[in-house]
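Given chain S, work out where chain F should sit, using these hints.
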Amino acid sequence: MSFNVPEKTVFGFLGPNGAGKSTTIKMIMDFIRPDTGKIHICGQSHREPLARKRVGFLPEHPYYYDNLTARELLDFLGKTADMPTSLIRSRGDALLERLQLADAADKLLRTYSKGMQQRAGFAAALLHDPDLLILDEPLSGLDPIGRHMIINLLMELKQAGKTIFFSSHILNDIERLCDSVAILNCGRLLFCDSLATCTGGTSTLEEAFVTMITNDDLSQ
Amino acid sequence: MNTIFPLAILTLKEGLRHRMLHGIAILALLMTGASTLIPSLFMYDLGKVAIDIGLSTITMSGMLIIFFLAINIIGKDLDKKTIYMVLATSTSRAQYILGKFLGVCLLLLASFLFLSCLLFVTVCVLNATLPHNVIANFSWTTLLYAQLFLFLELVLIASVVFFFMSFCSSFYIALILSGSIYLIGTGIESVQLALAAKEIKTSAGLSALMQWIKWIFPNLSAFDLKTLAAYGLPVHHETLALTFAYWFFYTTLLLLCTIFFFNRRELS
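First to last, the protein sequences are chains S and F. Residues in the first sequence are numbered from 1 upward in steps of one, following the working numbering. Residues in the second sequence are numbered from 1 upward in steps of one, following the working numbering.
Okay, chain S solo, but in the shape it has when bound:
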């Protein structure tokens, strides 16, 4: 597969279960290695650790160190991003406040609910003010209030000109947020273009998605 995520856009990465979305994201983040091909992040090879300096990442199932607090987690991430201590503290506090975790900032992460862990993951991904956000199923595990909060946050980041690449099963959210989409099935890229081209201006994203996947399955 080959695709390009334009700067300052929100790019939806869609596909049924087992299509290869998380595998692709793991390759982009250099957790697993592709057999062939190249991946570039902001012009640098993804194998270069410095290429990830401008990236904020949220895994599908965020799991952090049990015996640390959210504040300690952010302190660590800020230090690895070369942020000054005062900036780590001010930006960390603002993010924890924004994600309604300020009261739990000094509690151990093992006491967090799944939704709180997901929101702590957002704070961790956004701490160093990255230009590119790579989010794997960012809305899974969140209650309606949490989802609303994160969607609003993503809207704000979009307005701020950040590039957001995220995978999701929830097509309504993709339709609300994304400028472009890529559709994947069984490791093959079926479509990669603007959302308007995908829906053709007449159908919904869900209809276009189901049609594409069904046709692909029938052709195999």
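Wrong hints could be hidden among the right ones.
[What the hints assert, rightly or not] Within a straight-line C-alpha distance of at most 20 Å, the following computed PhoX-like cross-link-like pairs (lysine-lysine) qualify:
(1) S:114 with F:198
(2) F:214 with F:198
(3) S:162 with S:53
(4) S:107 with F:13
(5) S:162 with S:8
(6) F:80 with F:13
(7) F:81 with F:13
(8) F:48 with S:114
(9) S:53 with S:8
(10) S:53 with S:38
(11) F:214 with F:201
(12) F:13 with F:76
(13) F:48 with F:226
(14) S:114 with F:76
(15) F:13 with S:79
[Stated by the list, open to error] Label pairs and their in silico Cβ distance ranges:
(16) F:206 with S:108: 53 to 63 Å
(17) S:1 with F:2: 30 to 40 Å
(18) S:103 with F:109: 48 to 58 Å
(19) F:23 with S:111: 17 to 27 Å
[Claimed, not checked] So the derived list for chain S, only partly shown, Cβ under 10 Å to chain F, looks like this:
(20) 29
(21) 32
(22) 53
(23) 195
Calculated from the structure, these hints are not laboratory results. Note that CB positions come from ideal geometry on N, CA and C, so glycine has one too.
Structure of chain F alone, referenced to chain S:
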């Protein structure tokens, strides 16, 4: 270092708050308590028994930290994918290994310093209360060397664990392999001495195999200065310098191999 040191501190904090460490600390305190009580059951060599128990407590606590706590912390990182959070930053895999290793070493150092202080107090109390039982030629310097080389041995064993963790799919396998290396490493010198003294009849092939084993596996007996400390025997500085060089090269080589394998590992 901007990544390695924060990661080491993170590992230290994670380790210090781990329930397993609290259990190890209680066990170590019980053994230290025993080292002040048990000697009074002996007619003589009280100082020797106290030093033996004290140094053994440091070894046992270090081993428990390495084989259970450190393996658990690193294994969880890989199993639960906490490692994604670290590697999603600009941290390289080599920095990850070095940071985690340094963190485990700091954890070992914390345990070592705490238990060494307790041993120091125990020896002082015994020397003050039972002065006629003080070891002839007792030397604080020898005791300090014994403690220092014990710490170096623990660091070397930690590097063996990291080496196996870098490519083993399960941390139980890494635990078994590292434990086997420890057993071989502690026994290798005795076998060599027995062979040299011709106490055991061997074929030429077996002798050649023993030579290879001697070069491949770490000789952990070289770091064991308990007997010298317990009997107040003199230390040979040349031997200590050679042992230190051996430790440095063996640990560095293992860490380089760990980084080599870990760089090629799929973190799926």
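How the hints compare with the structure:
1. S:114 with F:198: The given pair, whose Cα atoms are some 65 Å apart, is violated under the 20 Å limit.
2. F:214 with F:198: Cα-Cα ~17 Å, so holds.
3. S:162 with S:53: holds, 14 Å
4. S:107 with F:13: holds, 14 Å
5. S:162 with S:8: holds, 5 Å
6. F:80 with F:13: Holds, at roughly 18 Å.
7. F:81 with F:13: Distance ~19 Å between residue 81 of chain F and residue 13 of chain F Cα, so the pair holds.
8. F:48 with S:114: Cα-Cα ~55 Å, so violated.
9. S:53 with S:8: holds, 17 Å
10. S:53 with S:38: holds, 19 Å
11. F:214 with F:201: holds, 18 Å
12. F:13 with F:76: OK: residue 13 of chain F and residue 76 of chain F at ~15 Å, within 20 Å.
13. F:48 with F:226: Holds - the C-alpha atoms of residue 226 of chain F and residue 48 of chain F are around 9 Å apart, at most 20 Å.
14. S:114 with F:76: Holds, at about 18 Å.
15. F:13 with S:79: holds, 15 Å
16. F:206 with S:108: 53 to 63 Å: holds, 55 Å
17. S:1 with F:2: 30 to 40 Å: Holds, at about 35 Å.
18. S:103 with F:109: 48 to 58 Å: Violated, since residue 103 of chain S and residue 109 of chain F (Cβ atoms, about 35 Å apart) do not stay within the stated range.
19. F:23 with S:111: 17 to 27 Å: About 21 Å separates the Cβ atoms of residue 23 of chain F and residue 111 of chain S, which means 17 to 27 Å holds.
20. 29: Cβ of residue 29 of chain S sits 6 Å from chain F, so the hint holds.
21. 32: holds, 5 Å
22. 53: Check passed: Cβ of residue 53 of chain S comes within 4 Å of chain F, closer than 10 Å.
23. 195: Where the cut-off is 10 Å and the nearest Cβ of chain F is about 27 Å from residue 195 of chain S, the hint is violated.
Hint check: violations occur at hints 1, 8, 18 and 23; the rest are consistent with the structure.
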